[in-house]
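2 protein chains.
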Amino acid sequence: MESISLPKPYVDAVELCAAHIGESVTFRGTVHRVRDMSDFAFVIVRVDRGLIQCLLKNELDGITKSDIRDGMVVEVSGTVHEEPRAENGFEVELSAVSVLAKPYDKMPVPLGKKYMGINLDTNLEYRPVTLRHPRMKAIFRIQGALCDGFAEYMMSQGFVHMNSPKIVAAGAEGGANIFKLDYFGQKAYLAQSPQFYKQYLAGVFGRVFEIGGVYRAERHSTSRHLNEYIGLDFEMAYIDSMKDVMEMETGMLKYVMDYIRAHCKPELELLKADIPTIDTIPSITFKDAKQIMLDKFGHKSKNRFDLNPDEEQMLCDYAKSELGSEFIFVTHFPSAKRPFYAKDDPSDPSLALSFDLLFRGLEITTGGQRINDYQEQVDKLNARDMDVSLFESFLLLHKYGMPPHGGLGIGLERLTMQLLGLKNIREAAYFPRDMSRLIP
Amino acid sequence: MESISLPKPYVDAVELCAAHIGESVTFRGTVHRVRDMSDFAFVIVRVDRGLIQCLLKNELDGITKSDIRDGMVVEVSGTVHEEPRAENGFEVELSAVSVLAKPYDKMPVPLGKKYMGINLDTNLEYRPVTLRHPRMKAIFRIQGALCDGFAEYMMSQGFVHMNSPKIVAAGAEGGANIFKLDYFGQKAYLAQSPQFYKQYLAGVFGRVFEIGGVYRAERHSTSRHLNEYIGLDFEMAYIDSMKDVMEMETGMLKYVMDYIRAHCKPELELLKADIPTIDTIPSITFKDAKQIMLDKFGHKSKNRFDLNPDEEQMLCDYAKSELGSEFIFVTHFPSAKRPFYAKDDPSDPSLALSFDLLFRGLEITTGGQRINDYQEQVDKLNARDMDVSLFESFLLLHKYGMPPHGGLGIGLERLTMQLLGLKNIREAAYFPRDMSRLIP
Chain W
1 MESISLPKPY VDAVELCAAH IGESVTFRGT VHRVRDMSDF AFVIVRVDRG LIQCLLKNEL
61 DGITKSDIRD GMVVEVSGTV HEEPRAENGF EVELSAVSVL AKPYDKMPVP LGKKYMGINL
121 DTNLEYRPVT LRHPRMKAIF RIQGALCDGF AEYMMSQGFV HMNSPKIVAA GAEGGANIFK
181 LDYFGQKAYL AQSPQFYKQY LAGVFGRVFE IGGVYRAERH STSRHLNEYI GLDFEMAYID
241 SMKDVMEMET GMLKYVMDYI RAHCKPELEL LKADIPTIDT IPSITFKDAK QIMLDKFGHK
301 SKNRFDLNPD EEQMLCDYAK SELGSEFIFV THFPSAKRPF YAKDDPSDPS LALSFDLLFR
361 GLEITTGGQR INDYQEQVDK LNARDMDVSL FESFLLLHKY GMPPHGGLGI GLERLTMQLL
421 GLKNIREAAY FPRDMSRLIP
Chain A
441 MESISLPKPY VDAVELCAAH IGESVTFRGT VHRVRDMSDF AFVIVRVDRG LIQCLLKNEL
501 DGITKSDIRD GMVVEVSGTV HEEPRAENGF EVELSAVSVL AKPYDKMPVP LGKKYMGINL
561 DTNLEYRPVT LRHPRMKAIF RIQGALCDGF AEYMMSQGFV HMNSPKIVAA GAEGGANIFK
621 LDYFGQKAYL AQSPQFYKQY LAGVFGRVFE IGGVYRAERH STSRHLNEYI GLDFEMAYID
681 SMKDVMEMET GMLKYVMDYI RAHCKPELEL LKADIPTIDT IPSITFKDAK QIMLDKFGHK
741 SKNRFDLNPD EEQMLCDYAK SELGSEFIFV THFPSAKRPF YAKDDPSDPS LALSFDLLFR
801 GLEITTGGQR INDYQEQVDK LNARDMDVSL FESFLLLHKY GMPPHGGLGI GLERLTMQLL
861 GLKNIREAAY FPRDMSRLIP
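These protein sequence lines are chains W and A, in that order.
With the numbering used here, letter number 220 in the first sequence gets 220, and the count goes up by one each step, no holes.
With the numbering used here, letter number 361 in the second sequence gets 801, and the count goes up by one each step, no holes.
A portion of the hints provided could be inaccurate.
Said to hold, decoys possible - Once the Cα atoms are required to be at most 30 Å apart in a straight line, the calculated DSSO-like pairs of lysine-lysine come out as:
no. : chain 1 : residue 1 : chain 2 : residue 2
1   : A       : Lys863    : A       : Lys736
2   : W       : Lys287    : W       : Lys320
3   : A       : Lys863    : W       : Lys380
4   : W       : Lys265    : W       : Lys423
5   : A       : Lys820    : W       : Lys106
6   : W       : Lys243    : A       : Lys448
7   : A       : Lys727    : W       : Lys8
8   : A       : Lys620    : W       : Lys187
9   : A       : Lys777    : A       : Lys820
10  : A       : Lys863    : A       : Lys694
11  : A       : Lys820    : W       : Lys102
12  : A       : Lys727    : A       : Lys742
13  : W       : Lys380    : W       : Lys180
14  : W       : Lys8      : A       : Lys542
15  : W       : Lys106    : W       : Lys57
16  : W       : Lys187    : A       : Lys712
17  : W       : Lys302    : W       : Lys380
18  : A       : Lys694    : A       : Lys553
19  : A       : Lys777    : W       : Lys102
20  : A       : Lys542    : W       : Lys337
21  : A       : Lys727    : W       : Lys180
Hints in this document: simulated from the structure, not taken from any laboratory.
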């Protein structure tokens, strides 16, 4: 009979070394690169968060520099010396090396180089290996921090962490872009969004957020679409107008940017990431947006219902140069192309109280105020020739009293991509799912 | 052109009132229950987190007590008075009421009663409404806090927040219990666990955690199985043994219990929840467990490979009465029934370095050390007559050097159920998915 107690405190190896200059340390890591300097070798050890330059001068316990290979998992001991030329400003002169695990093959990609210089297909094919590269690690550590900062802010504003089912009986967003599955002989689908569920739970808790999978069977093969992505969603009740939702997003983004600046300094430096400072975010109506594009850029839009990708870019250029913001809200989209649960503007029912947020040329959020009145929702379903009886369970939300509410969804990979200046959204997904990619 | 700034600070209505005894307050909520006392009425207003007793004495702006109905969404103003008999110790004497939204039908369930007194099927059928009941809200606010406490602890221990794909090309856990879907003409599945992905990412970051959906097409209809549930998973590299994983779980559970005690006081009180205090957790081998059941309870086990539900209960009874713990680890399960990625005990390869954690009679965790050596993994696949070529992409993990590592998965709904003494796991899922239930 054993008794299991608490774990040893976690120590980051880079911090450990930095705190013990002139002293002896022991840590574990993986050999990232070996540079043979004839008299000695530089052994660069990859640890959880960074690279540590080690110096191997002599044979140690039967291990010589020629025994050390990339990919070896090691425990090393040595003395830390200041070394301004090394990453982190120190190096470790090794006094002991023991091998914990060894590779069985040569690296399929040049993991030890500063830039791997491989194309995206190769990168994705060898993803379990390529993700070990410091630049890839940095992308996803920042992505993880985006989730954490989002959650932390939401909680500080009274939001409850929810998890909605992804196997559903109907799509919330309509259309054919939905994955079907067999559910014990019943027809089921993968959730296109947590929409119904977050509305339900805004009726329960007032404020809810979710970080979860979103599934879209879109037959797109572009640099900005994934078929499975992570949505950062929130929904809030008792609002005065959709402006409350936009303010919440502004506050959240400001917090999240500060959060990653505080928590991901080495990663942001490695990627030379330019993280925006957010104070306020300008907001413009869809109609005014089209007019400005005409006036400023001579652009005659052919899309009466939405913004085309080139228009998203144009508006962001405008916002940056004339309004000093890398973000811009576009509001009051034509109702016809917004979802059936969107509330229409009472002063002009052809417009929905719905918005997009654009960031560096790309839409990263769709949100808005939802219909909370039962009759209004039934009327809108009827006006769209939708079968009300199929929405019986959704209408339980409205039937027994539901506060005015609204919310939004943010694509985590899109936010990551725009933040870090990545060219393809697949670079911002650990294991992207697109029309041809299911493995790894 | 508007400029969107930060949101107003969030104020919890109960806290607002409590901080303004003798003063005037305004807040929003939903009418939970009206009690007509002939001269006046008690209007109980349900807010984000609790119930507030309001006193309506006179007609206010044309609204009389007979106009107020359950489910009305209101903004109320009034003066806060101490009132020891009311929930929270105060009541609000109303000076203004305005109706923000109204119900269209009578409540289908007695939402205003202390206990709804309805059966589980009705509860689940009207889930968007029944979840508004204070007892249901309490369950899920605690569940949300379990996620938050888990994440907070993991981050404090250097774990990175990951999100793995749920659409996969192969099941990690094997067997037929897997949902199939059509992925653009390719066969795909819903992930049975994030197993491969968390191992990949332990090879990247060293330590990772995920809170995400798990999909099991098990043809079970029991009080302890769901077909979709939330997994709290973590995986850690550079371990000495599986004991490191068990220690991490011990520390995490201790933290999470303290976290919900600190963050969910009113909910724990409402549910009279008995939250365990964790110091250390006893650990026993599978073999010894069977022996103890024989010695202490005269129980002759017929299951040589696993623990039956009655045995899980028996071991928990034993742990509680003889070891003073509501948790008990069982280790060293027979390898034959543990997954192909589990590492076998070098000193007895018929046993896997694998464990379960039992809590109040139920297994809530499976975890263990994984194989990190390439040849060892290939050999184990071969020994099980599994087709190694199907695991080419999984073996990218091992082929290029992988530290010793291990991890575990916890079922969030099971943990919630055991913690709160719920009788059926469906009570611990917002919108449970079982063989017959896909709606709402």
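For each hint, the structure was consulted:
1. A:Lys863 x A:Lys736: 27 Å, holds
2. W:Lys287 x W:Lys320: Holds. W:Lys287 to W:Lys320 sits at ~19 Å (cutoff 30 Å).
3. A:Lys863 x W:Lys380: 41 Å, violated
4. W:Lys265 x W:Lys423: Answer holds: W:Lys265 to W:Lys423 is near 22 Å, not above 30 Å.
5. A:Lys820 x W:Lys106: 23 Å, holds
6. W:Lys243 x A:Lys448: With a Cα-Cα distance of about 11 Å, the restraint between W:Lys243 and A:Lys448 holds, given a limit of 30 Å.
7. A:Lys727 x W:Lys8: The hint holds at about 28 Å.
8. A:Lys620 x W:Lys187: 12 Å, holds
9. A:Lys777 x A:Lys820: Answer holds: A:Lys777 to A:Lys820 is near 13 Å, not above 30 Å.
10. A:Lys863 x A:Lys694: OK: A:Lys863 and A:Lys694 at ~24 Å, within 30 Å.
11. A:Lys820 x W:Lys102: 18 Å, holds
12. A:Lys727 x A:Lys742: Measuring from Cα to Cα gives roughly 13 Å; hence the hint holds.
13. W:Lys380 x W:Lys180: 27 Å, holds
14. W:Lys8 x A:Lys542: 56 Å, violated
15. W:Lys106 x W:Lys57: 24 Å, holds
16. W:Lys187 x A:Lys712: 40 Å, violated
17. W:Lys302 x W:Lys380: Holds: W:Lys302 and W:Lys380 sit about 27 Å apart, inside 30 Å.
18. A:Lys694 x A:Lys553: At roughly 35 Å apart (the allowed maximum being 30 Å), A:Lys553 and A:Lys694 break the hint.
19. A:Lys777 x W:Lys102: Cα-Cα ~28 Å, so holds.
20. A:Lys542 x W:Lys337: 28 Å, holds
21. A:Lys727 x W:Lys180: 45 Å, violated
Hint compliance for this structure: hints 3, 14, 16, 18 and 21 are broken, all remaining hints hold.
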